[in-house]
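J.: Each chain, letter by letter, is given below.
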Amino acid sequence: MSEAQELWRLGMMAGMGRTSFATALGGETEIVGPGRVRMRLPYSEKLIGNPDTGVVHGGVITGFLDQSCGMAIGSTLKEPRSFATLDLRIDYMKPAKPNKDIFFEGECLKIAHDVAFARARAYQDTIEDPVAIATATFMFTGDARLPFGAR
Amino acid sequence: MELLERSARAGEKPDIAELIAAVPYCRHLGITGRREGDRIVLEMPFGDQLIGNPILPALHGGVIGLMLETATLATVVWETGATALPKPVDITVDYLRSGRPVTSFARARIARQGRRVVNVHAEMWQEDEARPIAALRGHFLIQMSGPRDT
Numbered sequence: 063m064s065e066a067q068e069l070w071r072l073g074m075m076a077g078m079g080r081t082s083f084a085t086a087l088g089g090e091t092e093i094v095g096p097g098r099v100r101m102r103l104p105y106s107e108k109l110i111g112n113p114d115t116g117v118v119h120g121g122v123i124t125g126f127l128d129q130s131c132g133m134a135i136g137s138t139l140k141e142p143r144s145f146a147t148l149d150l151r152i153d154y155m156k157p158a159k160p161n162k163d164i165f166f167e168g169e170c171l172k173i174a175h176d177v178a179f180a181r182a183r184a185y186q187d188t189i190e191d192p193v194a195i196a197t198a199t200f201m202f203t204g205d206a207r208l209p210f211g212a213r
Numbered sequence: 056m057e058l059l060e061r062s063a064r065a066g067e068k069p070d071i072a073e074l075i076a077a078v079p080y081c082r083h084l085g086i087t088g089r090r091e092g093d094r095i096v097l098e099m100p101f102g103d104q105l106i107g108n109p110i111l112p113a114l115h116g117g118v119i120g121l122m123l124e125t126a127t128l129a130t131v132v133w134e135t136g137a138t139a140l141p142k143p144v145d146i147t148v149d150y151l152r153s154g155r156p157v158t159s160f161a162r163a164r165i166a167r168q169g170r171r172v173v174n175v176h177a178e179m180w181q182e183d184e185a186r187p188i189a190a191l192r193g194h195f196l197i198q199m200s201g202p203r204d205t
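Protein chains in written order, with the numbering used here: chain B, 63 to 213; chain E, 56 to 205.
One or more of the hints may lead you astray.
When the alpha-carbon atoms are kept at most 16 Å apart in a straight line, the in silico EDC-like pairs for lysine to aspartate or glutamate are as follows [said to hold, decoys possible]:
| hint | chain 1 | residue 1 | chain 2 | residue 2 |
| --- | --- | --- | --- | --- |
| 1 | B | Lys162 | B | Glu107 |
| 2 | E | Lys142 | B | Asp114 |
| 3 | B | Lys159 | B | Asp114 |
| 4 | E | Lys142 | B | Asp153 |
| 5 | B | Lys156 | B | Glu107 |
| 6 | B | Lys162 | B | Asp191 |
| 7 | B | Lys156 | E | Asp145 |
| 8 | B | Lys108 | B | Asp163 |
| 9 | B | Lys159 | B | Glu107 |
Read the hints as simulated data drawn from the structure, not as lab findings. Note that the coordinates shown come from a computational prediction; the quantities given were computed from them, not determined experimentally.
All chains should be built: construct the whole structure from the sequences, respecting the hints.
T.: In structure tokens, the structure reads:
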């Protein structure tokens with residue numbers, strides 16, 4: 063990968079990690095390796111979905127799983143391409159514990175001509191004991207003028 | 056959930072507006088719920104914190120999943136009289152159209168209700184209910200009042 067490509071890739075990751083959705087909730091992003099990203103979501107009161115238990119809303123988990131899948135795809139692209147989520151499947155293994163960070167690790171599985179495949183896991187203590195797992199497919203939308211993944 | 060137990064004891068349907076208002080994350084996104092005849096409709100005004108792609112701009116895929124999931128939860132407690140919020144087991148979201156920066160709506164229906172699990176379908180739309188922007192299918196565990204029969 064050339065230096066220019068690497069700079070573009072880093073810029074894209076910084077941009078994607080700063081979607082209004084993610085930053086409004088306090089999420090942070092780091093690149094683990096090619097095709098692999100990790101996001102951290104600190105616990106906060108506004109994330110609560112069940113006021114009795116303080117458990118984070120399932121939709122927040124959905125949002126960050128979706129984003130980490132998209133970023134994993136974006137991190138492998140050698141040139142700017144926009145893409146949109148086609149479908150997202152989530153299995154909720156157990157409730158996230160209140161007052162603890164949630165981590166999201168996304169992994170790109172395959173970039174094909176028109177579509178791309180990714181998976182992601184949400185966890186708190188270890189990735190082997192996930193809170194939820196996701197499988198997502200994306201479609202390239204063909205507008206290369208967009209600097210990072212479109213949704 | 057106290058609100059759900061109270062309405063179950065009184066033999067009444069829960070107040071959907073009150074239920075949605077009690078969920079912090081729904082308040083954060085400005086989601087409100089209301090009854091329209093025999094169904095529940097959720098409404099979400101557009102806001103900057105909902106954006107996933109700032110250039111189009113388009114709604115974040117996660118916000119769409121969240122709205123559909125919330126419509127599902129509200130409809131399930133309304134239809135079944137469950138005394139706790141249903142627990143999601145799995146969901147699949149199909150993204151049909153780009154979510155534009157305008158007010159969005161969502162509704163759900165129970166496709167099949169078992170004693171412990173329900174299968175739910177939900178749709179989200181913006182100007183035209185006949186042109187949904189996303190659809191959800193999912194399974195949720197429910198907890199009913201009274202002795203467990205399973």
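J.: Which hints, by number, does the structure contradict?
T.: Hint check: 5 fails alone, others pass.
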